[in-house]
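Participant: Take a look at the letters that make up each chain.
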Amino acid sequence: MKDQYDAIIVGGGHNGLTCAAYLARAGKRTLVLERRHVLGGAAVTEEIFPGFKFTVCSYVVSLLRPEVIRELELARHGLHITPLDSAFVPMENGDRLAIYSDAASTREEIRRHSKRDAEVAPKFSQMMYEMAFAVKPILGTVPPDPSRPGLRGLRTLRDLGRHLQRQGQRSFHDLSKLMTMSVSDLLDEWYESDVLRALSALNGIIGTMLGPKSPGTAYVLLHHYMGELDGAFTAWGCQKGGTGGVSEAIASAARSYGAEIRVEAPVAKLIVSRGAAVGVALENGDEIRAPIVVSGADPRVTFRKLVDASDLPAAFVEAIDRFKFRGSSGKVNLALDALPIFPAMKDPALIRGMIEIAPSMDWLEHAYDDASHGGFSRRPYMDIVIPSTVDPTMAPPGKHVMSIFVQYAGYDMPDYGTPAQQREAFGDAVISTLCQFAPNLKDVILHKQVLTPFDLEQTIGLSEGNIFHGELTLDQLFCFRPAPGYADYRTPIRNYYQCGSGTHPGGGITAGPGRLAALEILRDAK
Amino acid sequence: MPRPTPFHSRTSRSCESQSWLEWSGFLSANSYELEHIHEYDAVRTACAVFDISPLYKYHVHGPGSAALLDRVLTRDVGKLPVGRVSYTTWCDDQGKLIDDGTVAHVAPGRYRLTAAIPTLDWLQDNGLGIDAAIEDHSEALAALSVQGPTSRAVLQRLADADLSGLRYFHELETKLAGIPVSISRTGYTGDLGFEVFVDPGWAERLWDELLEAGQAVNLRPAGNVAQDMLRIEAGLLLIDVDFVSSSRTLFEVQKSTPYELGLGFTIALGKECFVGQEALRREKERGPAWVTVGLVLDLVALERVYAGFGMPLHLPERSWNEAVPIYADAERREQVGRATSGTWSPILKSYIAIARVSPRFGRPGGRVFVEETVEAQRFAVPAQVVELPFFDPPRKKA
Numbered sequence: 001m002k003d004q005y006d007a008i009i010v011g012g013g014h015n016g017l018t019c020a021a022y023l024a025r026a027g028k029r030t031l032v033l034e035r036r037h038v039l040g041g042a043a044v045t046e047e048i049f050p051g052f053k054f055t056v057c058s059y060v061v062s063l064l065r066p067e068v069i070r071e072l073e074l075a076r077h078g079l080h081i082t083p084l085d086s087a088f089v090p091m092e093n094g095d096r097l098a099i100y101s102d103a104a105s106t107r108e109e110i111r112r113h114s115k116r117d118a119e120v121a122p123k124f125s126q127m128m129y130e131m132a133f134a135v136k137p138i139l140g141t142v143p144p145d146p147s148r149p150g151l152r153g154l155r156t157l158r159d160l161g162r163h164l165q166r167q168g169q170r171s172f173h174d175l176s177k178l179m180t181m182s183v184s185d186l187l188d189e190w191y192e193s194d195v196l197r198a199l200s201a202l203n204g205i206i207g208t209m210l211g212p213k214s215p216g217t218a219y220v221l222l223h224h225y226m227g228e229l230d231g232a233f234t235a236w237g238c239q240k241g242g243t244g245g246v247s248e249a250i251a252s253a254a255r256s257y258g259a260e261i262r263v264e265a266p267v268a269k270l271i272v273s274r275g276a277a278v279g280v281a282l283e284n285g286d287e288i289r290a291p292i293v294v295s296g297a298d299p300r301v302t303f304r305k306l307v308d309a310s311d312l313p314a315a316f317v318e319a320i321d322r323f324k325f326r327g328s329s330g331k332v333n334l335a336l337d338a339l340p341i342f343p344a345m346k347d348p349a350l351i352r353g354m355i356e357i358a359p360s361m362d363w364l365e366h367a368y369d370d371a372s373h374g375g376f377s378r379r380p381y382m383d384i385v386i387p388s389t390v391d392p393t394m395a396p397p398g399k400h401v402m403s404i405f406v407q408y409a410g411y412d413m414p415d416y417g418t419p420a421q422q423r424e425a426f427g428d429a430v431i432s433t434l435c436q437f438a439p440n441l442k443d444v445i446l447h448k449q450v451l452t453p454f455d456l457e458q459t460i461g462l463s464e465g466n467i468f469h470g471e472l473t474l475d476q477l478f479c480f481r482p483a484p485g486y487a488d489y490r491t492p493i494r495n496y497y498q499c500g501s502g503t504h505p506g507g508g509i510t511a512g513p514g515r516l517a518a519l520e521i522l523r524d525a526k
Numbered sequence: 001m002p003r004p005t006p007f008h009s010r011t012s013r014s015c016e017s018q019s020w021l022e023w024s025g026f027l028s029a030n031s032y033e034l035e036h037i038h039e040y041d042a043v044r045t046a047c048a049v050f051d052i053s054p055l056y057k058y059h060v061h062g063p064g065s066a067a068l069l070d071r072v073l074t075r076d077v078g079k080l081p082v083g084r085v086s087y088t089t090w091c092d093d094q095g096k097l098i099d100d101g102t103v104a105h106v107a108p109g110r111y112r113l114t115a116a117i118p119t120l121d122w123l124q125d126n127g128l129g130i131d132a133a134i135e136d137h138s139e140a141l142a143a144l145s146v147q148g149p150t151s152r153a154v155l156q157r158l159a160d161a162d163l164s165g166l167r168y169f170h171e172l173e174t175k176l177a178g179i180p181v182s183i184s185r186t187g188y189t190g191d192l193g194f195e196v197f198v199d200p201g202w203a204e205r206l207w208d209e210l211l212e213a214g215q216a217v218n219l220r221p222a223g224n225v226a227q228d229m230l231r232i233e234a235g236l237l238l239i240d241v242d243f244v245s246s247s248r249t250l251f252e253v254q255k256s257t258p259y260e261l262g263l264g265f266t267i268a269l270g271k272e273c274f275v276g277q278e279a280l281r282r283e284k285e286r287g288p289a290w291v292t293v294g295l296v297l298d299l300v301a302l303e304r305v306y307a308g309f310g311m312p313l314h315l316p317e318r319s320w321n322e323a324v325p326i327y328a329d330a331e332r333r334e335q336v337g338r339a340t341s342g343t344w345s346p347i348l349k350s351y352i353a354i355a356r357v358s359p360r361f362g363r364p365g366g367r368v369f370v371e372e373t374v375e376a377q378r379f380a381v382p383a384q385v386v387e388l389p390f391f392d393p394p395r396k397k398a
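Read top to bottom, the protein sequences are chains A and B.
Counting in the working numbering, the first sequence tops out at residue 526, every number present.
Counting in the working numbering, the second sequence tops out at residue 398, every number present.
To be clear, the hints were calculated from the coordinates, so they are not data collected in a lab.
Lysine-lysine pairs mimicking DSS-like chemistry, simulated, CA-CA at most 27 Å apart:
| id | chain 1 | residue 1 | chain 2 | residue 2 |
| --- | --- | --- | --- | --- |
| 1 | A | K324 | A | K269 |
| 2 | A | K136 | B | K349 |
| 3 | A | K399 | B | K396 |
| 4 | A | K136 | A | K324 |
| 5 | A | K123 | A | K177 |
| 6 | A | K213 | A | K136 |
Because the structure is a prediction, the values reported are computed rather than measured.
Please work from the sequences and hints to get the whole structure.
Facilitator: Okay, structure coming up:
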């Protein structure tokens, strides 16, 4: 009997959908199977409280690859990103630091903290742009296996080597530093203002169970500089209707090419026959056959849950088991009756940008220490946006939704009892810390959704609650993501592929893994 | 020296950028913040208000009002029911375009015409012998344009009338916060939107009420820089940019006809005699010398041009209004038209331009080459020919 489908994608996250869209576009009869009732994985919008749309997990967009936007015509399918171009950091002494979209206002603001830093800041940005430009080709490259590169791999390595060589000696030195240093040490070389260092360090620790003083965090910083919006590097924005809108746009593109997408269709197992994938078994017992199966789930789910260890080489199983997930963050989403008032915010327009609870380097390092010894930071770092200030579809008129990314929060919270008690304690710590900077907040909360790393694992399927499908540390990047020898989207099982953020180029709403995986699959299918 | 509009006390208070343009002798804000992008986004995501008071406005009434307008305008005004608005052009006797605007049938036998350039004498001269009165209300009417997906919601908060029944290109009289106004479902953005005409004495209060009511749905004032990006996305032409009024140039080469500009749909050739009718009829038979199309530039090719300089792709932050040549070939041997305005479209994630090309290159799906200057060197970047408008959301007419 002939199979009904050419390819099955396990998981309707944004990368699974991207992979499906590319396969369907190439004429493959493609089926996406999503466990939940809603598409998007961690890039999902849900109306948790009537009238209020929550960007449940992932909340901002920047790293989405421009080639995916172009090739899948995502704008036509509903991609609609409004820029977030200011940042506001309230300080413990009542002062603040603000970054504006225009350089002159930003310079004036930094000058209040350090005249020297005001002049250094544009140079630091320039260095980071230069580095982002230098490593940008890597994002679109299928990682070769350096131990067995083959002709194609050698060509890739040669091209990358030439490209890096062209960047010049200074760039090479800067790049080496970024690849090895801690973000704190890196910023010490540039800035004297503590609050500016704290703000600049944030992208180095986000989503990673490392403090700003841990080596390797400088690279995480660079990873977040590789985004671009409308040709502008490092620009961040909010999708209209929440990040679920990005997933919906990709899903719409996939459907337009003929892909079929099923929700509430959890996959239990990969069906393997003579070392090759031949289909999947659903939890309800149904079996669906196809000559290609792709997993958009993270490496632990892809290889340790969907597949029996006996179907995999022992060394590979060991590598996957060693792959570090270590969720480091939680999420609190609020429905608000009115806007929070930050007394330190003198310019009301800043409420439409990013709000960072990161008043000092010590605050960040303490938050890390605190979480390392007991579960979560009692005074955490928070990355906040209030998308309803720009997009009126997020909340009823005059009301608001507040998305609070909270770090650090470990997967294990041994001091706090049951998961429900952990959630309660974690949510309370977030609100009470935030009220230190916006005292009226507690009076305007209509509804609160709290997600610990455990909750992220249970609801979204992110192992240990890691938002990137595994940490973005150097030992887990490029040709090591998720395991040496299997960074090219293939797996030890023939016709079984991986396309999630646990593969290159990693986490965030990039759609990069989904695209590159699809291109490799199509290569093999030729 | 440019004069203030009736809203100036309010617009100047909000205009942090202090960037103003002279528009028909009035001060008009380019952008309220230093950057225009939030104003652009407001129109596509929430809503924005533009001060469009500098538009020229004429009221024509009396027994011969329709006959007069029918003699001047290319549309069949006699067929326009009360409460309807129509986009129209008007031409000289050679069929060359003078201007475009909207004509609204506001009450039986009473019309309001908007224009970009002064038109009183043209109406008067062509109205000789017709029993109709022409009044220049350009300064007797202040005007605001409220545009964007939440524009109806914000106006409805203030309006006596039910605006959900006000259809695209219809108009009604009502009160906003007790202030008498005319509201037409029209605009220059290609989005859901309305234009509000009001006595200047009420202007400041109307502005205040609107901004107050708009807070809950993120309304903000917006200026010309955002406006220009929006109208290009909507495929709407701008006088002195995409065409030159035949009344303002001595040179034939600078004149154009509605057919050449893709505005043939505004010409009711079959109605009784109107200015330019014969010339337009001949042109229709012959076919226009140019056609107006949309172009979508190939970003991959443009990126390659920048890569040649070791630079990342650069996209324009705002629209451009200086015509550039269109070629048939990458070597720039045969010029086949000109792009008259263009912009990066954040909503479409495309680099778009409005262009006038030779008819044999005007077929949608075809390919032409647009001149792009990078680091003061000229290149020809491939572009796909598409139909206008680029952006046309269902909510515009819904």
